[in-house]
Amino acid sequence: MTDKVNDTIIKMVTNLKPSVDLEVNNFSCGTPLKRSSSSVSNDSQTSSEESTRIKRMKYAKEMNFGYMASPRETRRLRTDLLEGRNTIMNLESRIQHMHNVRKEMEIMYENESKLLKKQHESDRKSIEELEAQLQSIRQREADLKKQLADVNNKYSMLKVRKDEEIEELEKSLTEMKEESRLFDGEENAEIILLNRKLAELQMMLDAAEEDAEAQKKLVLELEKRLTEKSVTERELERKDQALQVALLKIKDLEYAKENFLEFQDQAKTQVQKLANYVDLEKDVEKLKCENVRLKDEVKNKLLLEEEVHDLKSRLTHYKEQEKRIAALQAEQVQTQVYLNEWRSVARGICEVTGSDSSLPHLLRCVVERLQQQEISLTSSKVELESQLSTALYEQKVAKTELEKSQKLLVEMKKTIEQKQNLFHRMQKKLGLVSRERDSYRLQLDSYEKDLTMAINPPSNAPHTSQLQSQKERIESLEKIVDNYRELNAKLESDLQSSNPSLYSEHGTNKTELLVKLQDEVEQLKLENDMLKQKRDQLEIQLEGLLVGQDTLHGGKVYHLGNNPLAECLAQREQLVEKLEQEVERLKIKIKKLEEGIESSKLGESALCPEEIHTLKEQIKTHESQTQRLKDYFKSSLHEFRNVIYMLLGYKIDRTSTSLYKLTSIYAERAEDQLCFQLNNEGNLNLLENEFSSTLEEMVNLHLRHQKSIPVFLSSLTIDLFNNSTMATKTFEIE
Amino acid sequence: MTGVVQQSKSSITLKGSAEIVCDYLNFGINSILFQRGLYPPENFQSVENYGLTILMSTDNKIKEFLSSTLSQLKEWLIQRSVTKVALIITNVKTLEVMERWDFRVEYEGNPDEAGGQVSEKPLKTIKNEIRDVLKQIASSVAYLPLLDCLCSFDIQIYTKSNVDLPSQWSEAEMAHVKNAQTVKMRSFSTNIHKVDTVVTYKNED
Chain C
1 MTDKVNDTII KMVTNLKPSV DLEVNNFSCG TPLKRSSSSV SNDSQTSSEE
51 STRIKRMKYA KEMNFGYMAS PRETRRLRTD LLEGRNTIMN LESRIQHMHN
101 VRKEMEIMYE NESKLLKKQH ESDRKSIEEL EAQLQSIRQR EADLKKQLAD
151 VNNKYSMLKV RKDEEIEELE KSLTEMKEES RLFDGEENAE IILLNRKLAE
201 LQMMLDAAEE DAEAQKKLVL ELEKRLTEKS VTERELERKD QALQVALLKI
251 KDLEYAKENF LEFQDQAKTQ VQKLANYVDL EKDVEKLKCE NVRLKDEVKN
301 KLLLEEEVHD LKSRLTHYKE QEKRIAALQA EQVQTQVYLN EWRSVARGIC
351 EVTGSDSSLP HLLRCVVERL QQQEISLTSS KVELESQLST ALYEQKVAKT
401 ELEKSQKLLV EMKKTIEQKQ NLFHRMQKKL GLVSRERDSY RLQLDSYEKD
451 LTMAINPPSN APHTSQLQSQ KERIESLEKI VDNYRELNAK LESDLQSSNP
501 SLYSEHGTNK TELLVKLQDE VEQLKLENDM LKQKRDQLEI QLEGLLVGQD
551 TLHGGKVYHL GNNPLAECLA QREQLVEKLE QEVERLKIKI KKLEEGIESS
601 KLGESALCPE EIHTLKEQIK THESQTQRLK DYFKSSLHEF RNVIYMLLGY
651 KIDRTSTSLY KLTSIYAERA EDQLCFQLNN EGNLNLLENE FSSTLEEMVN
701 LHLRHQKSIP VFLSSLTIDL FNNSTMATKT FEIE
Chain G
735 MTGVVQQSKS SITLKGSAEI VCDYLNFGIN SILFQRGLYP PENFQSVENY
785 GLTILMSTDN KIKEFLSSTL SQLKEWLIQR SVTKVALIIT NVKTLEVMER
835 WDFRVEYEGN PDEAGGQVSE KPLKTIKNEI RDVLKQIASS VAYLPLLDCL
885 CSFDIQIYTK SNVDLPSQWS EAEMAHVKNA QTVKMRSFST NIHKVDTVVT
935 YKNED
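If you're matching them up, the sequences are chains C and G in order.
Position 625 (the first sequence) corresponds to 625 in the working numbering; numbering is contiguous.
Position 38 (the second sequence) corresponds to 772 in the working numbering; numbering is contiguous.
Same shape as in the complex, but just chain G:
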């Protein structure tokens, strides 16, 4: 399930770190989809991971979309071209951005290491950190405003300028939230990638 590619006994490679980040994003995005009520609760089934029960979507469309997005993201993470991943929740009627979940990626360590970049951080600590962040995301329901209207989501990846774009991907516009509040959540790091989670939501009037 963790998909860690181990070179030696307990170290993590670049690929493995990218996979950990993508896993975290998968779970985080699914839990956000459930929490914010973008899809009806009957579409979700609970899955155990990181010591938590997380609700994952059973809708094939969403699964496909997430898998394709995250696979591309993994490649770009390995290439070190991703700066940020944004999950935007938009009101379908008025095309107004209600919330934006930013997952900022920073690169640590030496990229030009011989034999590929390797991290000695134990997997358990990483998992604990991820668990803390996911718990925070789950508890965000306390202060996030209710989304009354019909909303849909989109995933945007912010990259550096010099990436080659596959056919299905297109350029997107940045999503600005008006009258916004931000809440910064915990970050976790694999010593190769460091992921910050920030939610920007529109203030209730």
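Chain C on its own, in the form it takes in the complex:
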């Protein structure tokens, strides 16, 4: 479309007007670029480019050709141009739009391609997973087949065993049957015996029955006689009773008679007594007087008895007192004697021959004096003892000091001896050194002699050179001598330094040295003692520690390589390794358990995942079954209740274990409910509530009199129905 338009435009332009060439040129130049960017297909692009190039060439050739167009034509051309430009613009926009659309499409395609790739990958992964699952399932299948085979084998084995067992059991059964037959045979014999016995017993029974009948007849006769006799007995009893009554009456009468006789006698005596009344009065008076007298005598007697008693007690008391007096008198005599003795002692102590009254006082003074003296003496004694102890202590101290000083003296003497020894030694050394010196001097003299000797013989030789050599020799010898002298001087100075006591003052230096040496000696001794003590302690510790130590005095220790200790240790190590491995294994298991991968048992159980799976499936099936059953029961229950409601006209609700609430279909209000309770015997009782109280008549009639609950309920429904229909009827009427 675009090509065609461009072709037409360019043709028009080339054919009609050159003034519009520039615009057209631009236009034609513009379009190829746009076309190259807008065209989708390459062929059209290339072809259009070629065509445009060709046309440009043509146009370039045909540029010179031109003519003056008329204004109409120019206007037409301009309009055409504008139209063309518009169409071009439109096309460009469309092209751009198409480009955009293409870009969008490309993006969409890219997205779709990505999505497809992802899907492809995910499909691949799913395919791989499915393949893996397939493999695992196939393995499971194989395992299950193996198990099936095993189970089948076991089943066949079991079957075989069971068949064998069945055969055995059948054999035993046949044996048992035979035995039973035998038993039956035996039993039959027994039965025959028993039957015979039975027959005999029956015969005996018959005989016994005949006897029983005879006995019964006898019994009847005896009973008759008994009744007759009982009758006679009763008559006899009656007669006895009458007899007894009569006897009692007789007794009473006799008793009365006796009483009467007694009364008669008493009356007689009374009469006699009356006659003696006067005498009796006199006797009475006499007796009274005597009574009074006797009473007085009794009183006197009592008083006298009391006095006697009192006197007796006093007697005993006085006797005791007499005894005491006697004892006291004896004591008094004794005390008098003691007192005299004491007085004599006191007189002796106090040395007074005067009165005895002042003796105690004097004695007391004397005793006090003596006590004070004693106190003073004891105090003086204590003081003396303390002085004694101090004196003893001082004595000991003095002794120790004495000993110390003696020891010091001894030591000093020893040091002095040592010093003297040293002195002697030094003197000896001096002597030796001096002897050395002398020897050296002798040597020197000898050397000198040699020299002179040496010098003398060559004195005959020429003088000058010899003189010089001699001079040289003399100088060397003089040097040697000087050296020796220096040596000597050194030795003497050494001698002096080593023996200062020989060449220096004696007195004070010696004491100072002695003191110093003594101090050093004491310090050294203390150190020595301390060191000895430490050594002893360490030795004791060592002994204690070394008790267990094994000592080897040269030589070596050998043992057999394959010894029980090594074996034990190896076993122990193995045990430890095993335990460590087990510990690691258990730790891993615990971790797995915590993550919930393994089952609850510690791998000891024989359950494998397949069994678990089957068990889980079983559980699921069971659960689904129970659920189905529940649903079924619920639905059937609902249906049943609805049917009952519809058929019998009562909705029965079970509120608790034994409480049932009935609502009638024709109930006027929802609260009109009857409550029934199931009691222990299994019967229903109607409970009182508002609604039942309104039904008193029916309750009385049907429940209390007729004792039938169905009748009651049906009458109630009829009643309610009538009420409701009446109401409807009335409603209808109205």
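Rather than coming from a laboratory, the hints here were simulated on the basis of the structure.
Bear in mind that the values here come from a model prediction, so they are computed numbers and not experimental data.
Check before you lean on any hint, since a few could be wrong.
Unchecked claim - In silico lysine-lysine, PhoX-like type, Cα no more than 20 angstroms apart, as pairs:
#: 1; chain 1: C; residue 1: Lys257; chain 2: C; residue 2: Lys268
#: 2; chain 1: G; residue 1: Lys808; chain 2: C; residue 2: Lys556
#: 3; chain 1: G; residue 1: Lys918; chain 2: G; residue 2: Lys928
#: 4; chain 1: G; residue 1: Lys749; chain 2: G; residue 2: Lys928
#: 5; chain 1: G; residue 1: Lys827; chain 2: C; residue 2: Lys578
#: 6; chain 1: G; residue 1: Lys749; chain 2: G; residue 2: Lys861
#: 7; chain 1: G; residue 1: Lys894; chain 2: C; residue 2: Lys556
#: 8; chain 1: C; residue 1: Lys239; chain 2: C; residue 2: Lys224
#: 9; chain 1: C; residue 1: Lys661; chain 2: C; residue 2: Lys651
Fit chain G to the supplied structure of chain C, relying on the hints for placement.
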């Protein structure tokens, strides 16, 4: 049973003396193994010797070990290179030495005697001495502390430096017992070898 090799009627040679010492060690070690409870009592059977009933182990491993050790010891006794035989009882867990039974060997008599060393000591006296020592070992259970832990034993032979060592033998370390008490028991002598028995045990804490 005594294995005395007699040259003349009642004298004992060097070999015989070595064998007597090894026998004593065999019995002594077995009785110590039983006493200290190193092996369960059902592994032991009683054997009569030296006038005593001694319990000897029936475990083949122990028997083998003892026989090989004692045979080597016998050789070394004849060569006069053994100074001491130590039976150490070690705690397997802590590798601590709990007890050490030292059997010190001293050599008596003249080794360079012509015709080999011979002892005129009567066998009965030697046996009596051995019996006394074994009785002492048996009675040591009174004062030795209880070995609560799992323990095992080893036999070490202390020799002079210049012995040739068979293949299975290796050097061992001396076993020191810490916090120890020693009890010296009786000694017996064959006039060729004199054996002292000392037990060093760890004090109970």
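- Query: What are the numbers of the hints the structure violates, in ascending order?
  - Reply: Hint 8 is the one this structure does not satisfy, whereas the remaining hints hold.
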